[in-house]
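Required output: the full structure, derived from the provided sequences and hints.
Residue numbers (our numbering), protein chains in the order written: chain A, 1 to 294; chain B, 1 to 254.
No lab work stands behind these hints: they were computed from the structure. Glycine included, C-beta positions come from ideal geometry on N, C-alpha and C. Treat the hints with care, since some could be wrong.
To be verified - Computed list of chain A residues with no C-beta within reach of chain B, every gap over 12 Å: (1) G19; (2) S48; (3) G49; (4) E88; (5) P122.
Unchecked claim - Which stretches of chain B does chain A cover? Using the computed rule of at least three CB atoms under 8 Å from a CB of chain A, they are: (6) 114 to 127; (7) 133 to 140; (8) 154 to 168; (9) 177 to 191.
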Amino acid sequence: MTTASNAAAKELPIEEVVGSIESGMTVGIGGWGSRRKPMALVRAICRSGLTDLTVISYGGPDVGLLCAYGKVRRVVAPFATLDSIPLEPHFRRARQQGTIAFTEYDEGMFMFGLYAAAHRLPFLPTPSGLGSDVMRVNPELRTVRSPYDGREELVAMPALTMDVALIHLNRADRRGNGQYLGPDPYLDDLFAKAAARTYVSCERLVETADLLKEGPVQSLLISRSHVTGVVETPNGAHFTSCEPDHGRDEAFQRAYAAAAGDPAAWTAFRERFLAGDEAAYQSAVRAWRQEEGR
Amino acid sequence: MTERSEASTSATRAEVCVTACAEAFRGDGETLAAGIGGAVTVLAARLARLTFEPGLLTHDGVCLLTGDVPALGESPGEVEGWLPFREHLWLVLNGRRHVMLGASQIDRFGNTNISCIGDWARPKAQLLGVRGVPGNTRCDTTSYWIPRHSPRVFVETVDMVSGVGYDRGAHEIRVVVTDLAVLDFATPDRRMRLRSVHPGVTLDQVVAATGFDLAVPDAVPTTRVPDAEELRVIREVLDPDGLRDREVPEGSRR
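Written as structure tokens, this is what we have:
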């Protein structure tokens, strides 16, 4: 018996990934801020008819774009930022206009929610959040006391379960094994383990035998046993960073943020970059870079 | 920028602030000094490590623990550890970490807000979100760097408690350093107290810039100025491009 025969090829077109998501679902998105976000998949959701999504994310422009396209009912996040630009403009507007619901957790609580979901636990205890207004704005949160000493009160952080997780990695094989080559795995493996279904987009698909030519065994972050589909999307994290394949496109991010501040500019940005499919997006970005002399 | 010849004898306000922030880390030993509230906080951690607190761990702002202490914006020549976000979040609970943060609002007990201004349900201004500050302040020693001391920041009540103060279970808020003064919580009921004013700043200025009643001791000392070696390290080693002056501009000095 060969291992390959047990693993059906899971390579999918982007449209098929997005087609498997339903309105109203809870979607977890990997990466952190404006770093290694599955933006090609996010852009495809923006083009789709999906609505009413609950988005769980260490938020960046993934959250912002989905808010801008009216795809989001609720955001579950400890922040939304573009990193080099502190505030995510579309998320900001959605909050200020009251068009989305928000579940705001501390970063550590959020990680424990992912750990709980990944381990199929209903909750995990943590001191993070106690005393803060995170408890006030999330009145459903409960606390527990240690059954051993009975003294310390802890937040019972509920599992962040999700229907679908979307993750972008540097390399993957067609079986769905995913590899990160940058300095930080973020919490992507936990998203994959927390979700009922996980889709991985990658900079480059490689043969399984070549994975360890790309990086050490510790870089094999995600196992095919947690992956439903895999998509090759070169530059698919753009404009967020995807080191070492590419850094953040700071100039383009600035253009995105500037456009978000003005309705006419945003309409023009959408039409120029986001009206077509992923290939059209990448080609529009290349043309913009040439024009700008970047 | 000030002339070099003059600067060697008189520290700028920015340099006084960097040294005051560095003082926050005195005695911390082999603890991560996490300056994440702007250039001054990063400089402060690195200055403390290069001078009076050599055991400190410092990071590159991304995920490396640096073996040496590079200048602002430079890559480290040596790497002594790996600290991706998940390890940062582990370290928050573990506790060997002293973080120096910024804040959009702070009250008399040290409760801080970086989340939003106005009613949380529909804020007037959405800011960052709470980020990791609830856990930071509950579990770790925390200090704050406020580059512009004003009644808009020092408020009676913060709109969204992101960082917990002493009345809400803070682990330790060691100091709050501003462009005008150093403040702490060394009072019987843990209210904010004026510890020292920076050279050239009056008590009245600080009181006027604070939107709540500040505990003021009978005699208010002056914040110490950096010594010659500290000035050399700040100017020649850590911040030759003068990024500190962008956070505390000498021209707009109040």
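Right, here's what the structure says about each hint:
1. G19: Nearest chain B Cβ is 32 Å from A:G19, so the label holds.
2. S48: Answer for A:S48: holds, closest chain B Cβ roughly 26 Å.
3. G49: Non-interface label on A:G49 holds, nearest chain B Cβ at 28 Å vs cutoff 12 Å.
4. E88: Not fine: 9 Å to the nearest Cβ puts A:E88 too close to chain B.
5. P122: holds, 20 Å
6. 114 to 127: Coverage by chain A holds for the segment 114 to 127 of chain B (10 residues, Cβ < 8 Å).
7. 133 to 140: holds (count 6)
8. 154 to 168: Check passed, 6 qualifying residues.
9. 177 to 191: violated (count 0)
Comparing the model with each numbered hint stated earlier shows that hints 4, 9 do not hold.
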